[in-house]
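Q: Residue strings, one per chain:
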Amino acid sequence: MSDSIRLSRRRFLQVLAGGAGVLLVGIRTASATDAPLPAAMLGDTFYDLGAYVRIDSDGNVLIGARDPDTGTGVATSLPRIIADELDADWKNVSVVSLGLGVTDNNGQPRWTYGRQIGGTGGSIPTAWNDLRSVGALARWLLLQAAARRFGVAADRLRCDSGTVIAPDGRRLSYGSLAGDASKIALPNNPPAPKTPDRYQLIGSPAGDVDAREIVTGQTLYAIDHYYGDALVAVLVHCPWPDGTLASFDFAEAKAVKGVVDVISLKPEPGQPLGSTVIAPAVAVLAEDTWSALQGRQKLKLEWKPGASGSENSAALEQQADALLAGKTAPTSRVRDDGDVDAAGKKAARRLQASYYQPWLAHATAEPMNCLVRLEKDHASVVAPTQAPQKAWAVVQRLTGLGPDQIEISVPRVGGGYGRRLDHDYVAEAVMLAKVVNKPVRLLWMREQDLEHDYYRSGSVHQLSVTMDRKRELIGWDQRMASASALAHRGLPDNRLWTSELEADQLPAALVLNYRSDWYAINSAIPRGPMRGMPHLSNAFAVESFIDEIAHSMKEDPLDTHLRLLGTPRQLSLSAGSVLDTARLINVLKLVTDRIGWKNWLHSVNGLGIACWHVEGAYVAHAIEVAMQGEKLVIQRVVCAVDVGRVINPTGLEGQVAGATLDALSIALNLAITFKDGQIQQHNLKDYPLASMAQLPDAVEVIVVPRDDLPPTGASFLAMPTAAPALANAVFRASAVRVRRLPLMKELLRLL
Amino acid sequence: MAPVQAQAVPVTSDSSIVAEKVRDGIDLEINGEHYRHAGDPQMPLLWYLRDILRLTGTKYAGSHDSTGADLVLVDGNAVSAITQPMAKLADKSVITVEGLAANDGGLHPVQQAFIDEDAIGCGYCTPGWLIASVDLLKRKPHPTDGDIDQLPNLCRCGCQTRVRRAIKRVAAGKVSQL
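Chains as they are written, first to last, in the working numbering: chain A, 1 to 751; chain B, 752 to 929.
It should be emphasised that the hints constitute simulated quantities derived from the structure, not laboratory data.
One or more hints might be untrue.
[Unchecked claim] Lysine-lysine pairs mimicking PhoX-like chemistry, simulated, CA-CA at most 25 Å apart:
id: 1; chain 1: A; residue 1: 257; chain 2: B; residue 2: 839
id: 2; chain 1: A; residue 1: 745; chain 2: A; residue 2: 685
id: 3; chain 1: A; residue 1: 298; chain 2: A; residue 2: 266
id: 4; chain 1: A; residue 1: 298; chain 2: A; residue 2: 438
id: 5; chain 1: A; residue 1: 91; chain 2: B; residue 2: 925
id: 6; chain 1: A; residue 1: 376; chain 2: A; residue 2: 390
Assemble the whole structure, with the sequences as input and the hints as a guide.
A: Here is the structure:
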C-alpha cells in the first residue's frame with residue numbers, strides 16, 4: 001500500500017491519520033532527490049502537510065490557507081476550491097492561516113507548503129490544480145469508506161454538503177466516515193477532479209471568512225500581537241538611506257519614565273535592499289508605546305547626508321526627459337518588431353507625446369511592525385508579511401538558527417501592495433531583540449512609513465506613432481525612463497527593465513513595427529515592488545496616447561481601439577502566453593455598452609475608456625466625469641474583467657471595485673517628491689489618499705462568464721486602466737489633456 | 752497576644768468625619784466596564800486601549816487623526832482615540848469596536864450590514880469605518896450620499912463603495928437577520 005500519490009516530480013498527495021476518527025489529506029513538497037516519506041513518519045500534527053484538509057469525526061472540516069491574506073480574499077477563495085471538490089458543507093468549514101511551513105533539510109529550508117506569497121495576483125492560478133486534487137482525494141476516500149459501509153459500489157454513491165448518499169436514500173455524514181476513510185489504500189493515480197458542471201461553491205458568492213472577527217474587532221493583525229515581557233521599540237530613521245549619525249545625545253530620552261534602552265542601528269553593508277535596515281536609525285525601547293514615543297521626542301540626533309543628499313525628484317525627471325530626447329542608446333531594448341525607422345520614412349502622419357508620472361509610496365493601512373522573541377534555540381516572529389519565506393531568510397541570517405528553529409506567524413495583513421515583500425522591519429526587530437535580550441515589539445509611525453519606503457520610481461514615457469495614408473498605425477516607438485525597482489537587489493543590469501515595463505504590453509504584437517526602449521535613471525532613493533507595477537504607469541501612457549491618436553484623426557476612440565485590435569484572433573506573446581484580441585474587444589464593448597458610449601460626443605459630461613491585458617486576464621474601464629467649475633466629479637465608473645473561471649464572484653467584485661478606487665485615488669492626488677534627498681511627504685495630509693467624497697459612489701463591475709478557462713489572478717487587474725480612462729474622460733469634459741500625474745494638480749494648473 | 756488597644760482620637764465638632772483620600776486616577780467607562788487610569792494623564796486613549804487594556808480593535812494608523820482607523824465613540828460621538836489624552840476622558844463613556852455588539856454576541860446592525868455587503872478589504876481600517884457609520888446613522892438615520900461623503904475615513908483597499916451600500920442597507924432596514 002502506498003502512502004502517497006505522485007502529482008509531479010516534487011509534489012505528492014498524502015493521507016495521514018491525524019488521530020482517531022480523523023481524515024487528513026494534503027500535499028507534500030519534496031526535494032527532487034527525496035523518496036516520498038511514509039505518511040506515518042510525517043509526525044502527528046496536521047500542520048506537517050501542506051495545502052491540507054482535515055475532517056473530524058464530528059463533521060467539522062478544517063482547511064488551511066497557505067498564502068497571507070492582505071485583503072485579496074485568498075483566505076476565502078483558496079479553501080473554497082478544496083471545499084467544493086470535497087462537496088463539503090461550507091457552514092461546517094473553518095479556515096486557519098497556516099503560517100510559514102518550513103522543515104530542516106540538512107541545514108537548508110524545505111518549504112512544506114510550497115509557494116507562500118500573498119497580494120501579487122498569483123495565489124489562485126498557482127493553487128488551482130493543487131487544491132482541487134487535495135479535495136478530490138479526500139472525497140474519493142470518503143466514498144470508498146461509504147461504499148464498504150453501505151455494501152454499494154462507490155460509483156453508485158453521490159456526495160452532497162458533507163454527506164454520502166446511497167441510491168436508496170441512506171446517508172452517512174463525512175464525520176462518521178472520516179476514521180475509516182483514513183485507512184483506505186490510496187489509488188495509483190490522483191482521482192479526477194469534478195467536472196465543472198458539478199461545481200457548487202466555485203463560482204458562487206461568498207463573504208470573507210474572517211468577516212465576523214473583523215467587524216467585532218477580534219482579528220489580530222501582527223500589530224495587535226503581544227508578549228507580556230516585550231519591549232516596545234519606536235525609531236527615528238536618518239532622512240537619507242545612505243546617511244550617517246553625526247552626533248547624538250540619548251541621555252534625556254533614557255531619563256523618560258518607562259524607557260529601558262536606546263540603541264542605534266545601521267544597514268548591513270552588502271545586503272540587498274529590503275533584507276536589512278532601510279536607513280541608519282535610533283530605536284527607543286520602553287515598557288509601553290506611550291513611554292517609547294515620549295522618549296523618542298527627547299532624542300537629540302544629528303544626521304549627515306550621504307550621496308543621496310543631493311538628489312531632487314524634479315532634477316531626476318529633467319534628466320529622464322533629456323535622455324529620451326537625446327540620441328543615447330537605451331539601457332535595454334525591450335522589444336523590436338519589424339523596422340520602426342523604415343516605417344517612419346513612409347509615414348503620412350506622425351504623433352508624439354510624453355507622459356510624466358510621479359514617485360509613489362505604499363501607504364499601507366497597518367504600518368510596519370514586528371514582534372520577535374529570540375531564545376537560544378528558537379525564534380518566534382509575528383510579522384505583517386506577504387512573503388514569509390523571505391522573512392524567514394532575514395531572521396535566519398541574523399540569528400544563525402536552523403531552518404526549523406524559526407517560527408514565522410502570518411496573521412491577516414493590513415494591506416501589502418508590495419511593501420511587505422521586503423523585510424527591513426523584521427531585520428530591525430531581530431537586531432534590537434539580540435541587543436536587549438528581551439522580546440521586542442517594533443512599531444513604525446505613519447511619518448516613518450511615508451518617509452522611508454521602497455518607493456515606485458517616477459517615470460517619463462515618450463511615445464511616437466506613425467500612420468499611413470489609410471490612417472493605419474504602422475509604427476510604434478516607445479521610450480521609457482525610470483529608476484528600476486530591481487536595482488541594488490542582486491539582479492544583473494540587463495534584467496533591471498523587467499520591473500518597469502513588459503515586452504508584451506499593449507500594443508505589442510498588434511503593430512507590425514514596434515519598438516520599446518528603456519533608459520535607466522540612477523537614484524539612491526530606495527525602490528521596490530509596488531502593486532500594479534509595471535502596468536500602472538505604462539497603461540496610463542499608452543491608453544492616454546491611443547486616445548490622443550483618436551483625437552488627432554477626429555475618430556471615436558472606441559473605433560481607434562477596435563481598428564488597433566483588429567479581427568478577433570490569438571496572438572503569440574513572448575513568454576509562450578497568448579493575447580486573445582476577442583477577449584479584449586469583448587471587455588471594451590461591455591463597458592462602452594453599459595456606459596452609453598454611442599453618445600460619447602454629445603454628452604455634456606466627458607466619457608473616457610481604456611483597456612489592458614495582464615497575464616491572460618483582460619480589463620476595460622469606462623468613466624464618466626463632469627467638471628463643476630474647478631471641481632471634478634466622477635459620476636460613473638464601469639469596469640469589465642475577463643479572468644477566466646471565477647472562484648468567488650463576491651471577492652472578485654470587491655477586488656475589482658477596490659483596485660479601481662485605489663488607482664483613482666493614486667491618479668487624482670498622490671505623489672512623492674524629494675528635495676536634497678529628503679522625502680517631502682510626511683503624513684496623509686501631504687499624501688492625500690482620496691476621501692469618500694472624491695471617489696465615485698459606485699463601481700459597476702461586469703464579470704465575463706468564462707467557465708472554459710482556468711482562473712487567473714485579479715488582485716490588481718483593475719488598476720492599470722482606471723487612470724487613463726479618467727484622464728480621457730477629463731479631456732472630453734474640459735478639453736484639457738492631462739499628461740502628468742497626479743491629475744488634479746495638473747488639471748488645475750492647465751485649466 | 753494582647754489585644755490591640757484602640758487609640759483614642761480627639762473628636763472635635765469640625766473634623767468628626769474625615770473623608771477618605773481620593774485615589775489618584777481617571778475614572779471612565781469603556782464598553783460598559785468601569786476603569787481607572789492611574790498612569791500619565793497625557794497618555795492618548797489609543798495607547799491606553801491597545802497597550803493597557805489590550806483592546807486592539809481600535810487601530811493605530813497615524814498621529815493626526817488621518818485615516819479614521821482609531822475612531823471610538825466618546826459619549827456617543829465619534830472621535831479619534833489618538834487625539835484624546837486620558838485627562839479629557841474623566842467620567843466619559845467610551846465605546847470601541849469591541850463594544851458595538853450586544854452582550855449576548857448579537858451584532859450591531861451596522862456590523863451585520865458590513866458582513867452582508869462584504870464591505871471589507873484587508874479589514875485593518877474596518878473598525879474605524881464601523882464607528883464612523885454608527886455615529887453617522889445615529890445623527891442621520893437616513894443619510895444622503897452627501898452625508899456619507901463626509902465620513903473622515905480612508906481606505907487603500909477601496910472598500911468605500913461597499914461601505915456606502917452597507918450604510919444604506921442599515922438605513923433601509925434591510926440588514927439580514929441572524
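Q: Now, for every hint given, state plainly whether the structure supports it.
A: Going through the hints against the structure:
For the hint linking residue 257 (chain A) to residue 839 (chain B), the alpha-carbon distance of about 22 Å falls within 25 Å, and the restraint holds. At most 25 Å may separate the alpha-carbon atoms for a hinted pair to count; residue 745 (chain A) and residue 685 (chain A) meet this at roughly 15 Å. With a C-alpha separation of about 21 Å, the suggested pair residue 298 (chain A) and residue 266 (chain A) falls inside the 25 Å cut-off, and the hint holds. The straight-line distance between the Cα atoms of residue 298 (chain A) and residue 438 (chain A) is roughly 23 Å, inside the 25 Å bound, and the hint therefore holds.
With a C-alpha separation of about 23 Å, the suggested pairing of residue 91 (chain A) with residue 925 (chain B) holds against the 25 Å cut-off. A hinted pair counts as satisfied when its Cα atoms are at most 25 Å apart, and residue 376 (chain A) with residue 390 (chain A) qualifies at roughly 22 Å.
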